[in-house]
Amino acid sequence: MKAYAALEQWRKDKLAEAKSTIAQWIENREAQKLATRAEKAEACAALAIQIAQASIDDAEHMILEAISARLDAEAVAHH
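In our numbering, the protein residues as written are 1 to 79.
No lab work stands behind these hints, which were simulated from the structure alone.
Do not rely on the hints blindly, as some may be mistaken.
[Stated by the list, open to error] The calculated BS3-like cross-link candidates involving lysine-lysine, where the alpha carbons are at most 30 Å apart (straight line), are:
hint : residue 1 : residue 2
1    : 33        : 14
2    : 14        : 2
3    : 40        : 14
4    : 33        : 12
5    : 40        : 19
6    : 2         : 33
7    : 33        : 19
8    : 12        : 2
9    : 2         : 19
10   : 40        : 2
11   : 40        : 12
[Claimed, not checked] Cβ pair distances, simulated, as ranges:
hint : residue 1 : residue 2 : range
12   : 26        : 70        : 19 to 27 Å
13   : 76        : 40        : 49 to 57 Å
14   : 3         : 75        : 26 to 34 Å
15   : 9         : 35        : 33 to 41 Å
16   : 26        : 65        : 44 to 52 Å
17   : 58        : 15        : 25 to 33 Å
18   : 49        : 76        : 21 to 29 Å
19   : 12        : 35        : 15 to 23 Å
20   : 67        : 24        : 54 to 62 Å
21   : 55        : 35        : 44 to 52 Å
22   : 2         : 72        : 30 to 38 Å
23   : 48        : 19        : 41 to 49 Å
24   : 65        : 41        : 31 to 39 Å
25   : 24        : 48        : 21 to 29 Å
A virtual CB, placed ideally from N, CA and C, is assigned to each residue, including glycine.
Model the full structure from these sequences, guided by the hints.
Here it is, written out as structure tokens:
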């Protein structure tokens, strides 16, 4: 759940971060602010990948559970 909270915070920060502000940072060559922004975006991208992977793992587990449940149901129905 920490990953979801971090992504949500990044989204809020992104909305608050006006494009004009970023353009101003670029124009003023504010490398540290731009680097911090890039680091946050990279970290959130990594979290999004972790969340996606966890969702895939959950889906795979659910598929196996569904197959097992169907096999049990069919075994009982045919006996």
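Now the hints, each set against the structure:
1. In summary, the hint linking residue 33 to residue 14 is supported, as the alpha carbons are separated by about 14 Å, within the 30 Å threshold.
2. Our distance criterion of 30 Å between C-alpha atoms is met by residue 14 and residue 2, whose separation comes to about 18 Å.
3. Only pairs whose Cα atoms come within 30 Å are accepted, and residue 40 paired with residue 14 is accepted, the gap being roughly 10 Å.
4. Using a Cα cut-off of 30 Å, the hinted pair residue 33 and residue 12 holds, with the two alpha carbons roughly 17 Å apart.
5. Restraint check for residue 40 and residue 19: the C-alpha separation of about 16 Å stays at or below 30 Å, so the hint holds.
6. With a C-alpha separation of about 24 Å, the suggested pairing of residue 2 with residue 33 holds against the 30 Å cut-off.
7. Between residue 33 and residue 19 the alpha-carbon distance is near 14 Å, which keeps this suggested pair within the 30 Å criterion.
8. Distance check on the hinted pair: residue 12 and residue 2 sit about 15 Å apart at the alpha-carbon level, within 30 Å; holds.
9. Taking the CA atoms of residue 2 and residue 19, the gap is about 27 Å. The hint holds against a cut of 30 Å.
10. Among the hinted pairs, residue 40 with residue 2 is consistent with the structure: their alpha-carbon atoms are about 15 Å apart, no more than 30 Å.
11. As the CA atoms of residue 40 and residue 12 are separated by approximately 12 Å, the hinted pair is consistent with the 30 Å bound.
12. Between residue 26 and residue 70 the beta carbons are some 57 Å apart, a value that contradicts the proposed interval 19 to 27 Å.
13. At about 54 Å, the CB distance of residue 76 to residue 40 agrees with the hint of 49 to 57 Å.
14. The beta-carbon spacing between residue 3 and residue 75, approximately 40 Å, falls outside the hinted interval of 26 to 34 Å.
15. In this structure the hint that residue 9 and residue 35 lie 33 to 41 Å apart at CB is violated, the actual value being about 19 Å.
16. Taking 44 to 52 Å as the suggested C-beta distance range, the pair residue 26 and residue 65 conforms, at roughly 51 Å.
17. Restraint check, residue 58 to residue 15: a C-beta distance of roughly 29 Å satisfies the suggested window 25 to 33 Å.
18. Taken as a hint, the range 21 to 29 Å is violated for the pair residue 49 and residue 76, whose Cβ atoms sit roughly 41 Å apart.
19. Restraint check, residue 12 to residue 35: a C-beta distance of roughly 20 Å satisfies the suggested window 15 to 23 Å.
20. For residue 67 paired with residue 24, a C-beta distance near 56 Å keeps the hint of 54 to 62 Å intact.
21. For residue 55 and residue 35, the Cβ-Cβ distance of about 31 Å falls outside the hinted range of 44 to 52 Å, so the restraint is violated.
22. Range check, residue 2 to residue 72: Cβ separation about 37 Å, and the 30 to 38 Å hint holds.
23. Taking the beta carbon of each, residue 48 and residue 19 are about 22 Å apart, not inside 41 to 49 Å as hinted.
24. Against the hinted window of 31 to 39 Å, the Cβ-Cβ separation of residue 65 and residue 41 comes to about 36 Å, which satisfies the hint.
25. Between residue 24 and residue 48 the beta carbons are some 27 Å apart, a value that agrees with the proposed interval 21 to 29 Å.
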